[in-house]
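Asks: Here are the chains, one letter per residue:
There are 2 protein chains.
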Amino acid sequence: MKLYDGGKAPNPRRVRIFLAEKGLSVPLVPIDMSALEHRDTQIAGLNPLRRLPVLELDNGTAISESVAICRYFEELHPDPPLMGEGPVGKAQVEMWQRRMEMHLLLFVANVFRHAHPAMKDWEVPQITQFSEANRPKVMESLVWLDSELQERDFIAGDVFTIADITAMIAIDFMKPARLAVPDECSAVLEWYARVKARPSADA
Amino acid sequence: MKLYDGGKAPNPRRVRIFLAEKGLSVPLVPIDMSALEHRDTQIAGLNPLRRLPVLELDNGTAISESVAICRYFEELHPDPPLMGEGPVGKAQVEMWQRRMEMHLLLFVANVFRHAHPAMKDWEVPQITQFSEANRPKVMESLVWLDSELQERDFIAGDVFTIADITAMIAIDFMKPARLAVPDECSAVLEWYARVKARPSADA
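In the order they appear, the protein sequences are chains A and B. Numbering-wise (my numbering), the first sequence opens with residue -14 and increments by one. Numbering-wise (my numbering), the second sequence opens with residue -14 and increments by one.
Certain hints may be false.
Put simply, identical chains are the same to the list, so a pair is met inside one copy or across any two.
Capping the alpha-carbon separation at 20 Å, the derived lysine-lysine pairs in PhoX-like fashion look like this [stated by the list, open to error]:
1) 7 x 75
2) 105 x 122
3) -13 x 75
4) 105 x 181
By construction, these hints were calculated from the structure, which means they are not laboratory data.
Start from the sequences, fold in the hints, and give me the full structure.
Replies: Right, here's the structure in full:
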């Protein structure tokens, strides 16, 4: 088994943090995304969308999409559960993972990709107006998330899950997008300090 | 148990088709999205993001996000499996469901929301240039999907799964987005005819 890894980009980090929380170690194949190595034929043969990470199993089966890779490890190694337990628990974690993905990570990514000079060959065309339109959406989501986190320690409830991982990588991604969590979102800032203090955050 | 339903919009349909494939019947509460009823306080109390559908369990627990609602029913009623079987199977279906969501449905939605006059109060600001930039992305994804479907009957393999449902609602959504599958994507058109012929397509 090999994990074709993309370094500090959000989705490769998502899988590495998930593995660290599970206590699993998978051999990594580093791919230099800044040199566009993920567009090479080797990666295209594993994932026609040329995105990272990709997990290659010993029989040659390739699994891409970071949450799908996490699902594979969750099914193989259910303890500790990071994607919920039981029908209601699994559904609630999936709900929060998707909310963090579609209403936070995606908005941050839109701000970044459509404005940052380093993205001009990745996001064609870059549309500055679209980047700007996503800034207030990030802020609205943070204010909402702050109200949610008044009542609990983690995004989907009382335990750490993949929803926390997605939210953490989204907030980390705000830095290169030149966004910051406002001081008044104190519950978000406290939650962020809590998840960043876990050893997995450095994975 | 009640499913707050949003009629012909893609995500409400996704859950209804999933239930029909499972042979399950859940009482529906129709919400008129064209009259913006989903923005009422009743829905906001169930889903602060004011999106549909929302499943309300008998104990008052609310589950939103269409794929999370599907996950709940998949866990409760695993037969027929629509989200894969075993660690590799589940990961592969999740991979394909996400690919169809992020690389097809999202692109179609971007074309629609940022251009259609009916969306001007929903997507603020509408950015015509962003709508236009997503048109070629839809076409690229269809050409890629066509190459994939040369080799198999369904999106994620030899059986119908949630990935087919997401792809079908994406292609149905192309009509109001004023997009069409090009004739040369014959494998996509054959697959589409195959899934549209299933009774669930009318759900």
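Asks: Measure nothing new, just compare the shortest in-copy and cross-copy C-alpha distances for residue 105 and residue 181 to 20 Å and report within, between, both or neither.
Replies: neither (30 Å within a copy, 39 Å between copies)
Asks: State whether the alpha carbon distance between residue 7 and residue 75 is at most 20 Å within one copy, between copies, both, or neither.
Replies: So residue 7 and residue 75 pass the 20 Å test inside a copy (17 Å) and across (18 Å) alike.
Asks: One pair to classify: residue -13 and residue 75, alpha carbons no more than 20 Å apart. Within, between, both, or neither?
Replies: Answer is between; shortest inter-copy Cα gap is 19 Å, intra-copy 27 Å.
Asks: State whether the alpha carbon distance between residue 105 and residue 122 is at most 20 Å within one copy, between copies, both, or neither.
Replies: between (22 Å within a copy, 16 Å between copies)
Of the hints listed earlier, the one the structure fails to meet is number 4.
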